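So the sequence lines, in the order shown, correspond to chains A and B.
Under the numbering used here, the residue at position 30 of the first sequence is numbered 30, and the numbers go up by one with no gaps.
Under the numbering used here, the residue at position 45 of the second sequence is numbered 45, and the numbers go up by one with no gaps.
Hints in this document: simulated from the structure, not taken from any laboratory.
The structure presented is a predicted model; accordingly, all values stated were derived computationally and were not measured.
Certain hints may be false.
[Said to hold, decoys possible] Computed list of lysine-lysine pairs in DSS-like fashion (alpha-carbon distance at most 30 Å, straight line):
no., chain 1, residue 1, chain 2, residue 2
1, B, Lys51, B, Lys5
2, A, Lys125, B, Lys51
3, A, Lys155, A, Lys99
4, A, Lys62, A, Lys84
5, A, Lys99, A, Lys63
6, A, Lys155, A, Lys62
7, A, Lys63, B, Lys51
8, A, Lys84, A, Lys155
9, A, Lys62, A, Lys125
10, B, Lys43, A, Lys62
11, B, Lys43, A, Lys155
12, B, Lys43, B, Lys5
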Amino acid sequence: MSQILGPGTPAPDFSLHVTPDQKLSLSELRGNPVILAFYPADFSPVCGDQMALYNEILSEFKKHGAELLGISVDGVWCHDEFAKNRHLHFPLLADFEPKGEIARKYGAYRHGDGFCERALFVIDKNGTIRWSYISPVAVNPGADGILQALEELPK
Amino acid sequence: MALLKIPITSDDHIQGDEKAPITLVEYGDYECPHCGRAYPIVKRVQKHFGKRLMFVFRNFPLQEIHPNAESAAEAAEFAAAHERFWEMHDAIFENQADLSLPRLLELAKTLRLSVPDLRNALTGRQYASRVRDDFLGGVRSGVNGTPTFFINGNRHDGPFDFDDLVAAIEAFAE
Numbered sequence: 001m002s003q004i005l006g007p008g009t010p011a012p013d014f015s016l017h018v019t020p021d022q023k024l025s026l027s028e029l030r031g032n033p034v035i036l037a038f039y040p041a042d043f044s045p046v047c048g049d050q051m052a053l054y055n056e057i058l059s060e061f062k063k064h065g066a067e068l069l070g071i072s073v074d075g076v077w078c079h080d081e082f083a084k085n086r087h088l089h090f091p092l093l094a095d096f097e098p099k100g101e102i103a104r105k106y107g108a109y110r111h112g113d114g115f116c117e118r119a120l121f122v123i124d125k126n127g128t129i130r131w132s133y134i135s136p137v138a139v140n141p142g143a144d145g146i147l148q149a150l151e152e153l154p155k
Numbered sequence: 001m002a003l004l005k006i007p008i009t010s011d012d013h014i015q016g017d018e019k020a021p022i023t024l025v026e027y028g029d030y031e032c033p034h035c036g037r038a039y040p041i042v043k044r045v046q047k048h049f050g051k052r053l054m055f056v057f058r059n060f061p062l063q064e065i066h067p068n069a070e071s072a073a074e075a076a077e078f079a080a081a082h083e084r085f086w087e088m089h090d091a092i093f094e095n096q097a098d099l100s101l102p103r104l105l106e107l108a109k110t111l112r113l114s115v116p117d118l119r120n121a122l123t124g125r126q127y128a129s130r131v132r133d134d135f136l137g138g139v140r141s142g143v144n145g146t147p148t149f150f151i152n153g154n155r156h157d158g159p160f161d162f163d164d165l166v167a168a169i170e171a172f173a174e
C-alpha cells in the first residue's frame, strides 16, 4: 500500500471538475472541515457501498460542519452517471487529467493499477490534515474513523 | 479489526439463548438483495449451531438506494412493539420483491396486527428514531454495507455463504 500524507501535513490544494462545466477547489472550503475520500472507481460494487454508506451519513458529517468530497480518476460523465444511479448528495471530483495528479500528491495513487487507493483524509478548517487512513482496496473502511476524527478536531 | 461498539441488551431483537457462547449480530436492510440472500443462510446457521448461538438483528436501512427499506424497518419495529418482531422480519424478507406500503399493511394484516395502527405509526414516523439509533450504532461499529455480521463482537469481513459463516463462527468459538 502507498504511504499517504499524515496528520499535521498541510493538505495540498486542488481544483478539479465536479461537473462538466464546474470546478471545485479545496481552498474554497477553508473555514469548514473537509472529508476527502479517495476511492478506486465508480461502479465497482465495493465503492458503491462505500459512497452509498457515506451518502446516508451526510447529516452526521454536517453536524460537524464538514463537507464530504469523493475523488477518483473517473471522468465527470462517469461520475455524473454514478451519482445519479446512487442518488449521491455530495460532490465527486474527477482526478482525470492529468490522471491521478491529486491522488499522487496525497500519496494515494496506485501506480501499477492506475487508480486511487481507498484512502480517507479529514482536513481541518485551516487546511491541515488531522487524520488519514488507508484501507486495503477490497475493504470498505466504513465511517467510524471519520466520525471519530471529526469529533477530535479542535473547535 | 472493527468491533461491535453497541452492547447487546434486552432492547435488541434476539433469537436464541442469551447466555449462548456464540453471538451473531446482523446489521441488515430489508430491501437489500444481499440481505435477502443472507436470510435463509442465517436460518441454516442458527439450526446448525442450535442452542450454542444467539442471533441479533439490527436495522441498517440504506434509504437512498432502497426507498422502501426505512418503512419496512419501521414496520418491523411496530411489530416488535406488539411482540411479533420475528414474524414480521421473516415475512418482510420472504416478500422482499414488493415492500410497498400496501404490501407492508397486508403483511401486518396476515400477522393479525392492526392495519390502521401500523399506517399511523409509519405516517407519524413513530419508530424512526429507534431505526436511526440502530443505524448510527452500526456506523460507530464500522458497519460498511449490508449485510454486516459481527461474530462475538468482531466484524466478519469475508463472504457470508453458509460454509463461510460456519467456518468463521467455529474459528471464534474455539
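What hints, given by number in increasing order, does this structure fail?
When the structure is compared with the hints, numbers 2, 3, 5, 7, 8, 10, 11 turn out to be violated.
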